[in-house]
Amino acid sequence: MKATKYVITGQDSDVLPSDIALKIYELGRDINVKETCFGVIIDGEEEDIEATVEDIRAMDESNIFIKDRGFPPGDPRRCRGHRGGGARPGFYMMQYESEILPLISRGPASEARGEEAPPKAESVKRPGLAELEEMIKEEFS
Amino acid sequence: MVKVMVYPPTSMILSDLVERTGHEALVVSKEVRKKVNTAGLDSPPLNMTPEDPKKGLKYAAVDVPSGVRGRMSLLGPMIEEADAAIIIMNDRCTLGCTGCARTNELTRFLLRTKRIPILELDYPADELSARRFVHKIREFLEGLN
Chain L
9 MKATKYVITG QDSDVLPSDI ALKIYELGRD INVKETCFGV IIDGEEEDIE
59 ATVEDIRAMD ESNIFIKDRG FPPGDPRRCR GHRGGGARPG FYMMQYESEI
109 LPLISRGPAS EARGEEAPPK AESVKRPGLA ELEEMIKEEF S
Chain H
1268 MVKVMVYPPT SMILSDLVER TGHEALVVSK EVRKKVNTAG LDSPPLNMTP
1318 EDPKKGLKYA AVDVPSGVRG RMSLLGPMIE EADAAIIIMN DRCTLGCTGC
1368 ARTNELTRFL LRTKRIPILE LDYPADELSA RRFVHKIREF LEGLN
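Chains as they are written, first to last, in our numbering: chain L, 9 to 149; chain H, 1268 to 1412.
The hints are simulated quantities; they were obtained by calculation from the structure and are not laboratory data. Please note that a few of the clues may not be correct.
[Claimed, not checked] Below, computed lysine-lysine pairings styled on DSBU-like, alpha-carbon distance capped at 30 Å:
#, chain 1, residue 1, chain 2, residue 2
1, L, 133, H, 1403
2, L, 10, H, 1302
3, L, 42, H, 1297
4, H, 1381, H, 1297
5, L, 145, L, 133
6, H, 1321, L, 10
7, H, 1403, L, 128
8, H, 1270, H, 1321
9, H, 1270, H, 1381
10, L, 128, H, 1381
11, H, 1301, L, 31
12, H, 1322, H, 1302
13, L, 31, L, 10
14, H, 1301, H, 1325
15, H, 1381, H, 1325
16, H, 1381, H, 1302
17, H, 1301, L, 42
18, L, 31, L, 42
19, L, 133, H, 1301
20, L, 128, H, 1270
21, H, 1297, H, 1403
22, L, 10, H, 1270
23, H, 1297, L, 31
24, H, 1270, H, 1297
25, L, 31, H, 1322
26, H, 1270, L, 42
27, L, 10, H, 1301
28, L, 42, H, 1302
Could you build the full structure based on these sequences and the hints that come with them?
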């Protein structure tokens, strides 16, 4: 079965979408590539796509994120030219997650360096009733 | 390899982290792909037909709106296949196919009652919590093996 995937580069990545597209062309597999501002969309047979995904991830393990897509690139049911413009469904979710990608990328990067996970943050304790009364008396005295 | 359902089921971050550890992420786009590649359906925007709310009757009663039942026709099979789940609790950007709060509640409820290993966490807001986030997910997924 044909599969389509988004390859999204994080903001901290040194790998450009054009670099990814060139890499895919070099691999010589029967894959359609559509370059976008945030990465590439790749479409082809599932086995070719799975193999290509491993090669692309190796370019920058921490800053490249890969997501499945239901529709192939250019499908008229999603094409903005056919549907009168505007963002495609799923844009806002990707935009939201792309904003926190630089933070998420630090996780795999620190694990690759062998660093341990930071300790759990102490939870903020709510003041009890007696403490709150003391605070009010101090403030208004 | 274990099938892990991610919530929100359109999350790029969760599906990528799951696939990196060699498991299969159950996401809405894979269900959509099955519909897109199935010959013979009409082509409204998502290949949803009047049959889909009827399939959703398995998960929600007939008086529940068709939006919930239609969404459950996509999400229900994913929940049934799931061997584990990762749920984000502060999912602020749920729109479109994940835009129905009742469907999202039903999805989380069905996952919890399924008695499968579940990891619940929040999207991180700073670097330290992001590193903990990735570490927890990795530990959870490696524990599934």
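Structure-based check of each hint:
no., hint, verdict
1, L:133 with H:1403, "23 Å, holds"
2, L:10 with H:1302, "12 Å, holds"
3, L:42 with H:1297, "19 Å, holds"
4, H:1381 with H:1297, "21 Å, holds"
5, L:145 with L:133, "20 Å, holds"
6, H:1321 with L:10, "28 Å, holds"
7, H:1403 with L:128, "11 Å, holds"
8, H:1270 with H:1321, "26 Å, holds"
9, H:1270 with H:1381, "14 Å, holds"
10, L:128 with H:1381, "29 Å, holds"
11, H:1301 with L:31, "28 Å, holds"
12, H:1322 with H:1302, "14 Å, holds"
13, L:31 with L:10, "20 Å, holds"
14, H:1301 with H:1325, "20 Å, holds"
15, H:1381 with H:1325, "15 Å, holds"
16, H:1381 with H:1302, "26 Å, holds"
17, H:1301 with L:42, "21 Å, holds"
18, L:31 with L:42, "13 Å, holds"
19, L:133 with H:1301, "49 Å, violated"
20, L:128 with H:1270, "28 Å, holds"
21, H:1297 with H:1403, "25 Å, holds"
22, L:10 with H:1270, "20 Å, holds"
23, H:1297 with L:31, "25 Å, holds"
24, H:1270 with H:1297, "13 Å, holds"
25, L:31 with H:1322, "43 Å, violated"
26, H:1270 with L:42, "29 Å, holds"
27, L:10 with H:1301, "10 Å, holds"
28, L:42 with H:1302, "22 Å, holds"
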